[in-house]
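> Chain A is already provided as a structure; the job is to place chain B on it using the hints.
There are 2 protein chains.
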Amino acid sequence: MSQNDFSAELLKRAEHVEEILKKYLPKEEGYAKTVIEAMNYSLLAGGKRLRPVMMLESYKLFAGDNADEAVVEPFMAAMEMIHTYSLVHDDLPAMDNDEYRRGRKTTHAVYGAGMATLAGDALLNFAFETAIDGAARGTKLASYDGDTDNRYFAALKILSKKAGIYGMVGGQCADIMAENATDVPKDKMSDILSYIDENKTAALIESSLMIGAILGGASKDSVSAMEKAGSCVGIAFQIQDDILDIVGDQAEIGKPVGSDEKNNKSTYVSLNGMEAASAKVKELSEMAEEILKEQGFEDSFLGNLFDSLIYRRK
Amino acid sequence: MSQNDFSAELLKRAEHVEEILKKYLPKEEGYAKTVIEAMNYSLLAGGKRLRPVMMLESYKLFAGDNADEAVVEPFMAAMEMIHTYSLVHDDLPAMDNDEYRRGRKTTHAVYGAGMATLAGDALLNFAFETAIDGAARGTKLASYDGDTDNRYFAALKILSKKAGIYGMVGGQCADIMAENATDVPKDKMSDILSYIDENKTAALIESSLMIGAILGGASKDSVSAMEKAGSCVGIAFQIQDDILDIVGDQAEIGKPVGSDEKNNKSTYVSLNGMEAASAKVKELSEMAEEILKEQGFEDSFLGNLFDSLIYRRK
Numbered sequence: 001m002s003q004n005d006f007s008a009e010l011l012k013r014a015e016h017v018e019e020i021l022k023k024y025l026p027k028e029e030g031y032a033k034t035v036i037e038a039m040n041y042s043l044l045a046g047g048k049r050l051r052p053v054m055m056l057e058s059y060k061l062f063a064g065d066n067a068d069e070a071v072v073e074p075f076m077a078a079m080e081m082i083h084t085y086s087l088v089h090d091d092l093p094a095m096d097n098d099e100y101r102r103g104r105k106t107t108h109a110v111y112g113a114g115m116a117t118l119a120g121d122a123l124l125n126f127a128f129e130t131a132i133d134g135a136a137r138g139t140k141l142a143s144y145d146g147d148t149d150n151r152y153f154a155a156l157k158i159l160s161k162k163a164g165i166y167g168m169v170g171g172q173c174a175d176i177m178a179e180n181a182t183d184v185p186k187d188k189m190s191d192i193l194s195y196i197d198e199n200k201t202a203a204l205i206e207s208s209l210m211i212g213a214i215l216g217g218a219s220k221d222s223v224s225a226m227e228k229a230g231s232c233v234g235i236a237f238q239i240q241d242d243i244l245d246i247v248g249d250q251a252e253i254g255k256p257v258g259s260d261e262k263n264n265k266s267t268y269v270s271l272n273g274m275e276a277a278s279a280k281v282k283e284l285s286e287m288a289e290e291i292l293k294e295q296g297f298e299d300s301f302l303g304n305l306f307d308s309l310i311y312r313r314k
Numbered sequence: 001m002s003q004n005d006f007s008a009e010l011l012k013r014a015e016h017v018e019e020i021l022k023k024y025l026p027k028e029e030g031y032a033k034t035v036i037e038a039m040n041y042s043l044l045a046g047g048k049r050l051r052p053v054m055m056l057e058s059y060k061l062f063a064g065d066n067a068d069e070a071v072v073e074p075f076m077a078a079m080e081m082i083h084t085y086s087l088v089h090d091d092l093p094a095m096d097n098d099e100y101r102r103g104r105k106t107t108h109a110v111y112g113a114g115m116a117t118l119a120g121d122a123l124l125n126f127a128f129e130t131a132i133d134g135a136a137r138g139t140k141l142a143s144y145d146g147d148t149d150n151r152y153f154a155a156l157k158i159l160s161k162k163a164g165i166y167g168m169v170g171g172q173c174a175d176i177m178a179e180n181a182t183d184v185p186k187d188k189m190s191d192i193l194s195y196i197d198e199n200k201t202a203a204l205i206e207s208s209l210m211i212g213a214i215l216g217g218a219s220k221d222s223v224s225a226m227e228k229a230g231s232c233v234g235i236a237f238q239i240q241d242d243i244l245d246i247v248g249d250q251a252e253i254g255k256p257v258g259s260d261e262k263n264n265k266s267t268y269v270s271l272n273g274m275e276a277a278s279a280k281v282k283e284l285s286e287m288a289e290e291i292l293k294e295q296g297f298e299d300s301f302l303g304n305l306f307d308s309l310i311y312r313r314k
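Protein sequence lines, in the order shown, are assigned to chains A and B.
Residue 1 is where the first sequence starts when you use this note's numbering, and the numbers rise one by one after that.
Residue 1 is where the second sequence starts when you use this note's numbering, and the numbers rise one by one after that.
One chain only, chain A, in its complex shape:
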């Protein structure tokens, strides 16, 4: 697939996710109207919708001819709500205190910090409402672990676990602590960074691929393989981000080049050097590719998507 074809296809898929999201958005009415407006403002802030796109793709690859998008749609919407709530809370004055994201005012800049806190809470909660409701209505799926509805429970378990303290929130905590840490020995900092990349960045990618696989009828081994692929892609994505911070063009990546360095923030590059970082990205990229090949998805859109994420220029 040419770069242009891929970009057009990715855009088409993001628009498809956008349509799905809109189906699940709560109506802006009643006395809770303001928090619902703030939720929808946050959710409809654009973005590439990479996690739902990956989930749907993983689902379709495993489900094959049995694919019924309705099975996975509530989980796609839930995933984007979770990703969005994490951005809303990250941007708060008590966290990163960002007034703008992708050139648009952040939720707290428009609605105030109190309402933005509440909107984030509402999004996280609504993610579970949406996924649970979808699971409860869902058509029966073939058994995963001996029980009838078990695939939905398995998907709900992954959704909740990877978003919490054993996933994204855990990574956010370690990130906050690392920023304030001084005099951490290099090998320990290397451990911490790899924990942060795995959890803050990779966890929701892993979760998206796994949920798609589970609902698509994958075996436990295949679900584990997709988890590993997600981990490789997420970590490579983060290291590439650190590389771009040094060598990238400011206009392209949208933040001042060298901002990590200026913030005195440890990165894979600052700890291991540029050459080792590039080699690591290549290694991880090849591992993800190998996993897709083993699963029989060698020439899939998902492979192109992984590549574009890892080797993006912006």
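Treat the hints with care, since some could be wrong.
EDC-like cross-link-like pairs, simulated, lysine to aspartate or glutamate; straight-line CA separation at most 20 Å [what the hints assert, rightly or not]:
| hint | chain 1 | residue 1 | chain 2 | residue 2 |
| --- | --- | --- | --- | --- |
| 1 | B | K188 | A | E29 |
| 2 | B | K161 | A | E37 |
| 3 | B | K188 | B | E198 |
| 4 | B | K188 | A | E28 |
| 5 | A | K33 | B | E179 |
I should point out that these hints are in silico values taken from the structure, not numbers from a laboratory.
Frame of chain A, contents of chain B only:
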């Protein structure tokens, strides 16, 4: 049951909930240790554990001889986590900015506002992790709506819905908006207040009673009846709180008498007068009692608990 016997029994039940909570607490280890410490600090701040106590009681009344506490325990823990996260976020500088709760430093006062935001998020997420995991492991329950595992899904749906924009979060939003509203006509403010009481205060009580009933094998009609009972108790509790704010003894209720009035906050009492407020509490209390009677739980501990909540002096 005498007042002393009841108080002793309630304390015993709160201690029982405390033991259950401790079983579900995440271990304070790894690079996410700080956020887990903040979660546990928030969860183990004491309190009467009223919601889990009510859930267990509702469960036992409906399950009768078939009662198996393991079925309801994860949901009890999840309910207290949700209640706790809402307190942690309410206390934040961006919300009510409270430094103390029940004589103890609030979570943000100890861990900082960023970490407290994250701990609240982590608690809400962990509530769903805990309940979903419990539902996935749970023994099979008799059908609720035609499907095998449907009672667990029904319980998860109630748990998520009543905590979100169609429940507690909705009430919190309306509460924030009402505080900033000026020149709202009296009948509209009366509507808003009743929405706030129903959602901010009553929703988790309703949810606790309903989940206990659902998992205990109740019919849909009985679950609706328990929802109504929870609504009466929650709203009566709130109006009684407004009454105590005027007539109460400062030391007993723990906040300055007349603080609502001083804050210029509309309450049922300020809108309808003390006499109407007392009459309303009596009416709601009798309705809740009547519902328990209809369900065959006339002389239950739950009836005593409702009374103690509604007619408490502190």
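> Are the hints correct? Go through all of them and say.
How the hints compare with the structure:
1. Between B:K188 and A:E29 the alpha-carbon distance is near 15 Å, which keeps this suggested pair within the 20 Å criterion.
2. A distance of roughly 18 Å separates the Cα atoms of B:K161 and A:E37; the hinted pair therefore holds under the 20 Å criterion.
3. With a C-alpha separation of about 15 Å, the suggested pairing of B:K188 with B:E198 holds against the 20 Å cut-off.
4. Under the criterion of a C-alpha separation no larger than 20 Å, the hint pairing B:K188 with A:E28 is consistent with the structure, at around 19 Å.
5. With a C-alpha separation of about 15 Å, the suggested pair A:K33 and B:E179 falls inside the 20 Å cut-off, and the hint holds.
Every hint, counting from the list given before, is met by this structure.
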